[in-house]
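Trainee: The listed protein sequences derive, respectively, from chains A and B. Using the working numbering, you'd call the opening residue of the first sequence number 60 and step up by one each time. Using the working numbering, you'd call the opening residue of the second sequence number 67 and step up by one each time.
Read the hints as simulated data drawn from the structure, not as lab findings. From a predicted model like this one, the values you see are computed outputs, not experimental measurements. Heads up, a few of these hints could be off.
Here are the simulated SDA-like cross-link-like pairs (lysine to any residue), alpha carbons at most 25 Å apart as the crow flies [as the list claims (entries may be wrong)]: (1) B/190 x A/123; (2) B/101 x B/565; (3) B/101 x A/93; (4) B/567 x A/150.
Every beta carbon over 12 Å from chain B, so not counted as near; a handful from chain A, in silico [unchecked claim]: (5) 74; (6) 130; (7) 132; (8) 154; (9) 189; (10) 214; (11) 217.
By construction, the Cβ of each residue, glycine as well, lies at the ideal position given by its N, Cα and C atoms.
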Amino acid sequence: MPQVRVSTTINGDAVSYLCEVDETLLDVLRDRLGLTGSKEGCGTGDCGACSVTLDGRLVCSCLVLGAEAEGREIRTVEGIATGDTLHPLQQKFLEFAALQCGICTPGFLVAAKALLEKKPDPTESEIRFGLAGNLCRCTGYDKIVRAVQAAAAEMRKG
Amino acid sequence: MPLDANLDPRTHVFKVVGTRPLRPDGVDKVTGRAKFGADANAPGMLVGKILRSPHPHARIRAIHTAKAAKLPGVKAIVTREDFPNSVDASLRDVHYNVMAREKALYDGHAVAAVAATSAAIARKALKLIEVDYEILPHVTDVDEAMKPGAPILHSDMITEGVEPAPTKPSNIAGRHEFGHGDPEEGFKQADHVIERVFKTEATHQGYIEPHACLASVGSDGTGELWVCTQGHFMVRDTCAALLGMDVSRLRVTASEIGGGFGGKTTVFIEPVALALSRKAGRPVKLVMSREEVFRASGPTSSTSMTVKIGVTKGGRITGAFAELRFQGGAFTGSPVVLGAMSAFACYDLEHVKVVGYDVVTNRPKQAAYRAPGAPMVAFAVESVLDELANKIRMDPIELRLKNAAKEGTRSSYGPKYNRIGLIDCLEAARKHPHYKAPLGPNQGRGVSAGFWFNFGGQTCVSLNVNIDGTVALVVGTPDIGGSRASMCLMAAEELGIPYDKVRAIVADTGSLGYNDISEGSRVTFSTGLATISAARDAVAKLCARAAKIWGIPADAVTWENGHAKPSGPNAGNFEPLSLEDLAKKAAKTGGPIAGHYEVNADGAGVSFAVHLADAELDRETGRVQIKRYTVVQDAGKAIHPSYVEGQFQGGAAQGIGWAINEEYIYGKDGRLQNPGFLDYRVPVASDLPMIDTVIVEVPNPGHPYGVRGVGETSIVPPLAAIANAVSAAAGVRMTQLPMSAPRVLKTMDEAKRGSRRR
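Construct the entire structure; sequences and hints are all you get.
Mentor: Listed below in structure tokens is the structure:
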């Protein structure tokens with residue numbers, strides 16, 4: 060099968076790769092670039108474990124082709140912290156015990172960050188609907204919602 | 067087995083146990099660094115894929131692999147021929163489930179597998195494998211499977227537990243009975259007797275991480291396996307047996323695990339990956355797709371149940387009977403035994419009997435799902451109790467209190483209870499503001515109690531004192547919900563050092579003695595007990611080292627707040643030595659310092675919960691929404707309360723999904739119609755309210771700190787609590803799960819038509 064050459068930006072760094080024409084962005088991230096923080100829970104866009112942003116827009120990377128990343132800007136869970144400083148969302152997820160097994164956590168963090176960038180002061184209901192594309196089977200969402208609320212409050216303080 | 071009779075968890079002031087520190091694996095999990103099953107790679111790695119039967123029941127006449135083998139890039143193909151047929155009889159079902167033998171027994175049953183240089187080639191190769199099937203009649207419903215004349219799955223299945231033994235095979239693997247007294251006698255004493263039939267659909271654990279492993283077997287016959295599992299020692303022993311390997315030649319490492327809930331307590335793809343790797347001479351990574359997880363891992367049973375209970379006007383249960391019919395998929399072993407044992411475990415009864423039937427059907431072999439068997443049975447029993455409470459106009463918590471089991475009660479499944487917390491939970495629920503809060507229009511409130519046994523089991527822990535006085539805690543039970551944090555807390559408590567001086571790791575099977583699976587809510591109890599004991603072993607050795615330094619007898623040294631001290635004025639006057647001091651001097655005082663403990667832990671301590679659910683019903687569409695939910699549960703002693711609450715909330719959420727949405731839907735063709743998260747809908751954030759929790763602590767006498775397992779009990783009451791709430795809102799009894807909108811609407815319509823006819 061012919062391969063395509065793609066030049067893109069991932070977490071601020073210029074990256075280029077070769078991929079199959081039918082290869083998903085998720086497979087490229089995980090199998091070619093070693094960015095295994097994004098997870099495949101379903102491969103059909105139903106669980107959100109593979110969430111990344113593409114030019115700032117939240118997408119399921121299992122539903123995007125690797126070839127579509129050409130000239131775009133991708134952000135993954137690996138790019139949320141700054142150096143050794145955790146993002147407030149990461150810190151609050153830890154403090155609020157918002158993860159149990161942790162497989163959905165990367166997707167939740169990417170989705171929550173995208174949500175808070177659009178809505179810095181969301182209601183509980185806005186958080187719940189904003190994160191409805193991400194499945195968590197361990198927590199019942201209670202502690203996740205509280206962690207996002209706390210992170211939002213901290214981020215508003217600046 | 068009270069390890070320390072002097073420590074009363076009710077009055078003891080703990081230093082770190084009961085606090086809420088950050089989990090040791092936390093940073094890795096919020097930054098994407100944590101390595102799960104599918105996150106490992108190896109040089110020269112191949113991709114494995116499995117060919118699965120599209121038929122629910124078919125004889126496999128032949129499998130032709132020649133065309134696939136010729137495809138460039140295909141490095142190995144395995145079929146039933148590659149698994150020796152001489153394995154232990156106890157592993158026969160696992161063996162036949164991993165790779166079909168004479169027959170494919172369900173839609174999704176593995177029939178062949180390939181390893182190739184890319185996923186695309188592996189997929190193409192699967193299409194080139196020709197399987198010659200003789201299609202047979204199938205059955206997927208439990209009641210249908212029990213009927214005479216039903217298609218028979220196993221020609222050698224003679225029902226066990228029936229005297230005299232049947233002469234003909236059937237799909238009923240076994241009949242099981244529990245109880246005491248005579249329920250018929252009890253019903254004669256009752257003022258009201260209600261009998262109902264209930265049905266529940268099969269649900270899936272729904273862990274977000276599909277099964278995944280990386281297998282590597284060398285030409286010398288030694289193998290390595292990286293796998294997401296709840297029990298890597300079980301994986302090692304099972305795979306070694308299925309592949310005819312010595313146990314010592316296979317080393318299994320448990321990856322971080324992305325959820326299990328019981329579904330990762332057996333093997334599916336692991337022996338296949340090892341067989342492929344052995345044949346190809348290269349590492350093989352095998353990952354299930356979500357569709358494969360639904361079709362071919364181990365969902366729980368669907369059930370059909372009859373429950374009959376009698377009460378007096380005063381609310382005393384006089385007799386209780388249940389007949390449980392569970393299908394457990396294509397092989398024996400549905401959780402009907404645990405369901406039957408748990409059915410009436412909450413109550414102190416004179417006349418009680420439960421009969422359970424374990425039935426096979428053309429569905430995937432069930433696996434454990436959080437408190438296996440108990441939630442469905444609690445749904446049936448607690449629904450009838452709710453109806454009886456309404457009948458005698460008694461508060462449902464009051465009815466349960468009047469019959470609640472307590473210390474000394476002979477349980478319906480045999481043993482007498484030790485100290486238990488059901489009454490404490492019922493009283494805490496009754497006092498909770500939720501119970502008194504007014505309901506809105508079209509809302510109903512439901513109550514249910516629930517019980518789970520909790521397991522102990524084989525456990526082994528090592529605790530190594532490092533040169534700087536920090537501690538490496540080595541456990542063998544995969545961490546499925548934050549257990550490393552709890553273990554560090556317990557070790558720190560015993561050693562008298564800060565929590566962050568202890569680091570827990572889950573060791574591979576070559577580095578520690580055997581450990582049973584992380585299941586049965588056993589880890590905080592058993593691994594905790596072993597951790598405490600290993601720490602005490604280390605403390606004894608530390609004291610001996612101090613004694614050596616001071617030149618006094620070892621029993622003249624005590625351990626206090628992380629320091630060795632002379633036990634009294636007679637022992638001598640020496641400056642206390644800290645753990646760090648003793649660690650630094652270890653080389654000169656006798657070498658490395660380590661504590662160990664091995665146990666087959668007993669005394670897990672049963673646990674109880676009471677749940678309150680408020681449901682709102684849309685009368686136009688039948689849609690049910692949960693508006694408020696409260697979990698009250700006895701944890702014995704909460705080691706890390708945040709993760710105890712997390713277990714309460716997670717169990718409740720899974721129960722809510724089971725009650726309202728989730729179900730395996732089979733077509734007439736015997737194929738699963740909804741093998742994906744779009745059509746098998748687990749609750750999302752917008753479906754749920756906050757889930758309030760109350761941690762009750764009635765210490766378990768079998769654990770030094772009083773711990774009871776908390777992982778499973780939380781999924782037992784929700785089905786009934788929600789059914790009782792919906793029944794109250796709808797004005798009609800809900801006897802079938804899930805209470806999906808169409809089913810609720812139909813039930814209300816039928817009730818309306820029924821009342822018009824009358």
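Trainee: Run every hint past the structure and note whether it holds.
Mentor: Here is what the structure says about each hint:
Between residue 190 of chain B and residue 123 of chain A the alpha-carbon distance is near 22 Å, which keeps this suggested pair within the 25 Å criterion. Using a Cα cut-off of 25 Å, the hinted pair residue 101 of chain B and residue 565 of chain B holds, with the two alpha carbons roughly 24 Å apart. With a C-alpha separation of about 11 Å, the suggested pairing of residue 101 of chain B with residue 93 of chain A holds against the 25 Å cut-off. Taking the CA atoms of residue 567 of chain B and residue 150 of chain A, the gap is near 21 Å; set against the 25 Å cutoff, the hint holds.
No Cβ of chain B comes within 12 Å of the Cβ of residue 74 of chain A; the nearest lies about 16 Å off, and the non-interface call holds. Even its closest Cβ contact with chain B, about 24 Å, leaves residue 130 of chain A beyond 12 Å, as expected for a residue assigned away from the interface. Interface exclusion of residue 132 of chain A from chain B stands, the closest Cβ pair being 18 Å apart, more than 12 Å. Not every CB of chain B lies more than 12 Å from the CB of residue 154 of chain A, the least distance being 7 Å, so the non-interface label is violated.
With a cut of 12 Å on Cβ distances, residue 189 of chain A falls inside the contact zone with chain B, its closest approach being about 8 Å. Every CB of chain B lies more than 12 Å from the CB of residue 214 of chain A, the least distance being 16 Å, so the non-interface label holds. With a cut of 12 Å on Cβ distances, residue 217 of chain A stays outside the contact zone with chain B, its closest approach being about 21 Å.
When the structure is compared with the earlier hints, violations turn up for hints 8 and 9 and for no others.
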